[in-house]
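Taking the hints into account, I'd like the entire structure generated from these sequences.
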Amino acid sequence: MLLQHIANGLIQGSLYALVAVGLTLVYGVLEVVNFAHGELYMLAAFALYMAFAFLKLPYVLAVGLTMVVMMGLGLVLSRTAIVPHLRRSFETTVLATLAASIILQNGARFVFTATPRQVIVPLEDVILSLGSVIVTGQRLLVVVIAALSFLGLQLYVRHTRMGKAMRAVSQNKEACRMVGIDVRRIASFTMILGAALCALAGSVVAPLYDIFPAMGTTVVFKSFAVVIMGGMGNVPGATIAALLLGVGESLAGGYVSLAAKDGLGFSLMILVLLIRPDGLFGRRVRV
Amino acid sequence: MRMSRREWMLVLAVTGIALLLPLVVRSNYLLHIMIMTEIYVILALSLNLVLGYAGLLSLAPPAFFGIGAYTSALLSLRLHLPFCSSLALAGVAGLVFAAAIGIPSLRLSRHSFVIVTLSFTLLAQLVATKWTDLTRGAMGLPGIPPAAVLWFTVTSKTLWYYFLLGLTLASLAFFTLLVRSRLGRAIQTVREDEILAQASGIDTWRVKFYTFAVSGLLGGVAGSCYAHYITFIDPSVFDFYYMENLLIMVILGGSGTVWGTVAGAVIFNMVPELLRIHPELRTFLYGIVLLVAVTVAPEGLAGWLRARRARQENIVQEEVGRA
Amino acid sequence: MLEIRGLTKHFLGVPALKNVSFTVERGEIAGLIGPNGSGKTTLFDCVTGFLAPDRGAVFYREREITSAAPHAIARLGLARIFQQVRTFPRLTVIENLRAAGQQHQGLRLTSGFIPWKRIRDLDRALDERALDILSALGIPQVAGFPAGTLSYGQQKLLEIAMALMSGPDLLLLDEPVAGVNPTLIETIKEYLKQLNREGTTFLIIEHNLQVVMDLCHRVFVLDSGELIAQGPAAAVQQNERVLEAYFGR
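Chains as they are written, first to last, in this note's numbering: chain A, 1 to 287; chain B, 1 to 323; chain C, 1 to 249.
Please keep in mind that the hints were generated in silico from the structure rather than gathered at the bench.
Mixed in with the good hints there might be a few duds.
Unchecked claim - Short derived list, chain A residues pointing at chain B, Cβ under 7 Å:
#1 V33
#2 P84
#3 N106
#4 R109
#5 F221
#6 D278
#7 G282
What the hints assert, rightly or not - With a cut-off of at most 35 Å between alpha-carbon atoms, the simulated DSBU-like pairs for lysine-lysine come out as follows:
#8 A:K164 <-> C:K18
#9 B:K157 <-> B:K130
#10 A:K173 <-> C:K193
#11 A:K261 <-> B:K130
#12 C:K189 <-> C:K18
#13 C:K18 <-> C:K193
A virtual CB, placed ideally from N, CA and C, is assigned to each residue, including glycine.
Written out as structure tokens, the structure reads:
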């Protein structure tokens, strides 16, 4: 039973990680908190739904299409709400992304209505037993995708020019401008990367839960907690914090109460802020 | 209060109009809109104090609003407290929660502060929904007793209008006194340059704490009025919808001014209601308006006016001579 | 008056201050010079409570202030001016000065809510002091303008005026005449000398060596975080290590 809880927790934590990493990446590089991040996740799930329901695409292709669409949306979002404000105060960018979040969520509500949708995928029916632990194929896919994304991101940032540029921007925007690095292009690229991660998260999780316009809000709540716990801008930190939160929630839900499960994220976040305001693993950008 | 003669005249004129309005307006629907506007003014003051004067983006006003509403409702329903006590205690509840959240979060960076206040609002809604023993969850609290002030019960909309007008004017007076006092000046220094403020001997953490606490008080009071007016509340009272409206009112009306808040609340509540714009569409439009406003005029109408005045003064300065 | 003992500070492993110790005596005008990046502003930050040193201690009038908060240090009579001009841009000049001076009138923040007579009197005294200082600096006419609309030179004067509102005994100035035209430099220099005659102690960071030689009784020299020389201005000017630090071998 304990192992099952832990397994469930790791799966849930992987989901949190997929969403939180995009958020913390954008913050780490641009020092911008993207309040529309949850909406990107929600729209990705809807995009997948549409690919299934209307285009009747097989799962893999649907995910691919979702990623392309979401990356485009990430670009639009960055051009409208992020890039114009790069030099302005922090409050301005928050308000801009908040406005974007309002537009996206209400737009989705208007187009799709609040009726929850479902998506059925082949892997749902696959059930694996690893010892005393039972997982469905789709849930295992969440973990696999999260792990691959994380590895991919680390490799990318460390070994490509763009990755180096992102790290440079995260350290000092002004200096980058002075040596001719196009900060705006990198800002857009970072947002696209964040949107791609959301797309993956949305596509992989959509089959597991209901899809509805407000689903971004609850997820973003947890993501913020994870980002703060891991240290803002710290990608590995966010990943570990996400897994810890997932497991913690699972155990709390199993052994204490459902209420404890819901409140755990917020409580841990406040606790971390009181004791180690820079996050468990420090704020320094370690992309 | 250091108010110029012109300002006093404006205040009297506006108050006069406000007092006479119900005599001209007969429709219950219009009265309802005006009553909600009054509640919004108080709530907007709460946000303006923190955002417009202290420069801190707080996403907690809906939390204080909801906490005030639930506190007042529960005190009246379960403990049968009279309205005035419930109202006062709702304000206190808002203040206490603001203090509790303020202690850990005001020390942090502004980034973390925004996230913590947002999380607090989301958490408050979650608690209201899940703690069914106390709040009846999504079923809400119906039958909240109407307000009773001194010897009469506020039943009709007209009475509610006048009661709230009094409360709103009192809040405005309190707010104006506050922002024009030493504390008010110190609050603005936090917005302008916190490091310089500290170097000038101002205990900026304490200033931020007081600001946040007062904003909690105002939010709680607004929430209590709402609960007793509508006589039914449920967790939707914590909806981010209120935050969106407030942001528009404060930012477009003019953050950092008293008049701006009133104008913002009046315009951005009455106009969409009068035009009977569907709430979802309204929010969607507000999102767009907010995005445009933030890009074009980050300081709202009042700020734009101020900038214009400053540019004119610059020209005058050229003639006065430089050092 | 101000004693710095063994002050050490690292940033991410890079040493900014290495075991710096010196004393500023009451009534003197002391200079702090050194090439760019030698740690001068970092030292100011540590002294005024904006940075916590890794090691070492700071004493002001025999009292340890190493871990005190900036606002508490300011209230003890130690005022500071920053390298880049800082004002409260959207507040008027007179409001800036009131804000800078109000904490030092012994009135708690929360009182003054309702303008009783006592508070009105104190406010009047505050305003008089503000106008006096503005007049002494030659800019009384800008009192009603938002600080952000002032010219660079006027803003620098405003900065000095704000620091003076509290009646400090020790004033730390970080490049007070940087980017200022020569006439204004003279005005500022004369004013500082006047204040010194009236009893104010100064520690000034400056790159303009002319000003340093003219104003300062004693000079401390920092290079790469280390104190490499100290003494009367003229002597330090000839010091070999100092010349090396500025001009290389």
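How the hints compare with the structure:
no.	hint	verdict
1	V33	holds, 6 Å
2	P84	holds, 6 Å
3	N106	holds, 4 Å
4	R109	holds, 6 Å
5	F221	holds, 5 Å
6	D278	violated, 9 Å
7	G282	violated, 14 Å
8	A:K164 <-> C:K18	holds, 32 Å
9	B:K157 <-> B:K130	holds, 33 Å
10	A:K173 <-> C:K193	violated, 41 Å
11	A:K261 <-> B:K130	holds, 12 Å
12	C:K189 <-> C:K18	holds, 31 Å
13	C:K18 <-> C:K193	holds, 32 Å
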